[in-house]
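**Student:** One-letter residues, chain by chain:
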Amino acid sequence: MTTLTPVLTRNWDQPDSFTLAGYEREGGYTALRKALAMEPDAIVQTVKDSGLRGRGGAGFPTGMKWGFLPPDSPNPRYLVVNADESEPGTCKDIPLMMANPHVLVEGVIISSFAIKSNHAFIYVRGEVLHVIRRLQQAVRDAYAAGYLGKDILGSGYDLELVVHTGAGAYICGEETALLDSLEGYRGQPRLKPPFPAVAGLYGGPTVINNVESIASVPSIVANGADWFTSMGTEKSAGFGIFSLSGHVTKPGQYEAPLGITLRELLDMAGGVRGGRKLKFWTPGGSSTPLFTEEHLDVPLDFESVGAAGSMLGTRALQIFDDTVCVVRAVLRWSEFYAHESCGKCTPCREGTYWYKQLLKRLEAGQGSEEDLDTLLDLSDNILGRSFCALGDGATSPVVSSIKLFRDEYIRHFEQGGCPFDPAKSTLWGGAAV
Amino acid sequence: MSEQLLKLEPPFRSTEPYDPETRERLDRDAKDILARYPQPRSALLPMLHLVQAEDGYVTGRGIDFCAETLGITPAQVTGVATFYTQYKREPVGDYHVGVCINTLCAVMGGDQIWNELSEHLGVGHDESTEDGTVSLERIECNAACDFAPVMTVNWEFFDNMTPEKAKRLVDDLRAGKQVLPSRGPNTLCTWKQASRVLAGFDDGLAHEGVQAGTESLRGLDLARERGWTAPAADTGRAAPDEPVKPEEITDPPPNEPGKPIGGDVKPGSQEGRNQ
Chain A
0 MTTLTPVLTR NWDQPDSFTL AGYEREGGYT ALRKALAMEP DAIVQTVKDS
50 GLRGRGGAGF PTGMKWGFLP PDSPNPRYLV VNADESEPGT CKDIPLMMAN
100 PHVLVEGVII SSFAIKSNHA FIYVRGEVLH VIRRLQQAVR DAYAAGYLGK
150 DILGSGYDLE LVVHTGAGAY ICGEETALLD SLEGYRGQPR LKPPFPAVAG
200 LYGGPTVINN VESIASVPSI VANGADWFTS MGTEKSAGFG IFSLSGHVTK
250 PGQYEAPLGI TLRELLDMAG GVRGGRKLKF WTPGGSSTPL FTEEHLDVPL
300 DFESVGAAGS MLGTRALQIF DDTVCVVRAV LRWSEFYAHE SCGKCTPCRE
350 GTYWYKQLLK RLEAGQGSEE DLDTLLDLSD NILGRSFCAL GDGATSPVVS
400 SIKLFRDEYI RHFEQGGCPF DPAKSTLWGG AAV
Chain B
0 MSEQLLKLEP PFRSTEPYDP ETRERLDRDA KDILARYPQP RSALLPMLHL
50 VQAEDGYVTG RGIDFCAETL GITPAQVTGV ATFYTQYKRE PVGDYHVGVC
100 INTLCAVMGG DQIWNELSEH LGVGHDESTE DGTVSLERIE CNAACDFAPV
150 MTVNWEFFDN MTPEKAKRLV DDLRAGKQVL PSRGPNTLCT WKQASRVLAG
200 FDDGLAHEGV QAGTESLRGL DLARERGWTA PAADTGRAAP DEPVKPEEIT
250 DPPPNEPGKP IGGDVKPGSQ EGRNQ
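Going down the list, the protein sequences come from chains A and B. For the first sequence, numbering that gives the first Met the number 0 begins at 0 and goes up steadily by one. For the second sequence, numbering that gives the first Met the number 0 begins at 0 and goes up steadily by one.
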């Protein structure tokens, strides 16, 4: 049996967990002192040895990303933290920054020192006011304590850290769109290569990491790579925050080793609400193909979820019981992607618009079986044909739902309407068996 | 059609310049913002938040101010302002209310909340009540899915909402009664005040409110109950070279550690904070 492993969430039940005093009482900023006494390259090596993989969805090895920075570029280097958490279902970084912003700040300082950067940014989405206050305060307190600014703790190392607030655009979670936005432009993805490691912010070598990745660095430096690899699986090392939402008895944040299963997590969270049947779920947000009851025992690590036909993504486990119409769910996700498509690439801009039209018709029971083929054909024309992965993500719920629930789509137009009652799915719908 | 075309133009393309005092204050703030960045153009997003803190929305004179300060054209500023949903082209209410209608929240009741609330107020998406107190927006996923259905007021979290709570919330806002977010400070600031925080200026409220909601603590609570922990360190946690002395800690905890936050508010709960 897998058990929970609170590391990042360990102090969240302390009422002052977000203050400098509260963080230091739990051993905060000791890893920074250890790091400043190390060679920067040794820190990069430790993170490489830990096998830490990006916690923002793609799972790229963090240490390897750091290693891609060209050693001889004349331009300044930057660290940018992606705190633009907006993927539907994903809700781990926001509570982390609200309850424990200093672990992120400490991670930023250690990581910047490791990659020899003197200027770091946290790009946080704009719709989370209190989280922004907490981050800004944590940064101010870290400056006052001598953890940021000139000659940090007498080490001779300087670092400026700026909290930069976005303004409402899902696309800015894409790393190159984020850079454009941070430079003061419309947030639209750039063509890669060059990758940000070579030409990123202001054209300089840039590392962009997710909040949870950077927040994991202090514990790795403090406890060692072996400690980190003692959790998780061989290729998906360490712990991660699993976010359970939807039709589950106790939704919330569960920090566990990678490789835990949804069956285990559901057991901890009191099961599907009211003893109802699990119908479908997302392993890592709406951009990851849907799973069903059949996948309850798939280990939630990068390899196993991939082998089962989806992606681990951000461990955003959205649980839907058998009161939910899958066509309605997919329509709503498609409306989201159409709304958030930045419009730069035609396949994504037009494709998500078509999705919306077709799915609206299908959900209203006015479609035909031919529409399903059109949706699949359209998906082929979106997938892999744009600068970034937004369009790819949009195809995931569409294609996987047609594969898993074709009959339910057909029932809509056979019956001339949706066979489900949306009132039963609500929090107050009382949908007991 | 012509009505639609008219709507594309901001109703108040207020190009009337700021009075000298206001402009001087804005220039000072802009200087602060510019100092944060290696290149001036990066200041544009926070400056647009600053314009909203002053005017409530992105006005023509606000666009001119950004363009002049950054040495770019008004068209370039407008191009950016229209890309991001938080920048408004028309005035919003003092309290801008968001209802999450992304899939999970919609299914959990967000759709019903939206329908009932919109009917109750008689306003639709991106529209304000006649008295200018409340405006409504259909918002996308706000990263609080474990608290679904979720609403926001001026970007503060209102968790685990119902149609009844939602209607009471806007009624209270319109009646001028105090309304408190589930996870936020002990006051609800106005749209303009919130915009100033987004521009990067401190309002001194960071220490208020809960550190985490009930749902955020579910895993940790279970781990504590069952005695589950992460493995012990292989080398032991390094001791600091110079331990921090209590007198060096300038930031006292808002509450005694381990004790609940004062008052009759249950941490993380909606109950009692939204009456």
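Keep in mind that the hints are not guaranteed to be accurate.
[What the hints assert, rightly or not] Per the computed footprint, the stretches of chain B lying under chain A, defined by three or more beta-carbons under 8 Å from a beta-carbon of chain A, are:
(1) 44-54
(2) 84-96
(3) 105-116
(4) 148-158
(5) 220-226
Derived by calculation from the structure, the hints in this document are not laboratory data. Just so you know, even glycine gets a beta-carbon here, dropped at the ideal spot from N, CA and C.
**Student:** Residue count check for the region 44-54 of chain B against chain A: does it reach three with CB-CB under 8 Å?
**Tutor:** Since 4 is at least three, the answer is holds.
**Student:** Just to make sure I understand the rule, a stretch counts as covered if three or more of its residues have a C-beta closer than 8 Å to a C-beta of the chain. Does the region 84-96 of chain B meet that for chain A?
**Tutor:** With 3 residues closer than 8 Å to chain A, the region 84-96 of chain B meets the three-residue bar; holds.
**Student:** Three or more residues of the region 220-226 of chain B near chain A by CB distance under 8 Å?
**Tutor:** Three-residue rule met by the region 220-226 of chain B, so holds; n is 5.
**Student:** Quick check: do three or more residues in the region 148-158 of chain B have a beta carbon closer than 8 Å to a beta carbon of chain A?
**Tutor:** This one holds; 6 residues, not fewer than the three required, reach chain A with a Cβ under 8 Å.
**Student:** Verify this for me: three or more residues of the region 105-116 of chain B with a beta carbon less than 8 Å from a beta carbon of chain A.
**Tutor:** holds (count 6)
Of the numbered hints given earlier, the model fails none.
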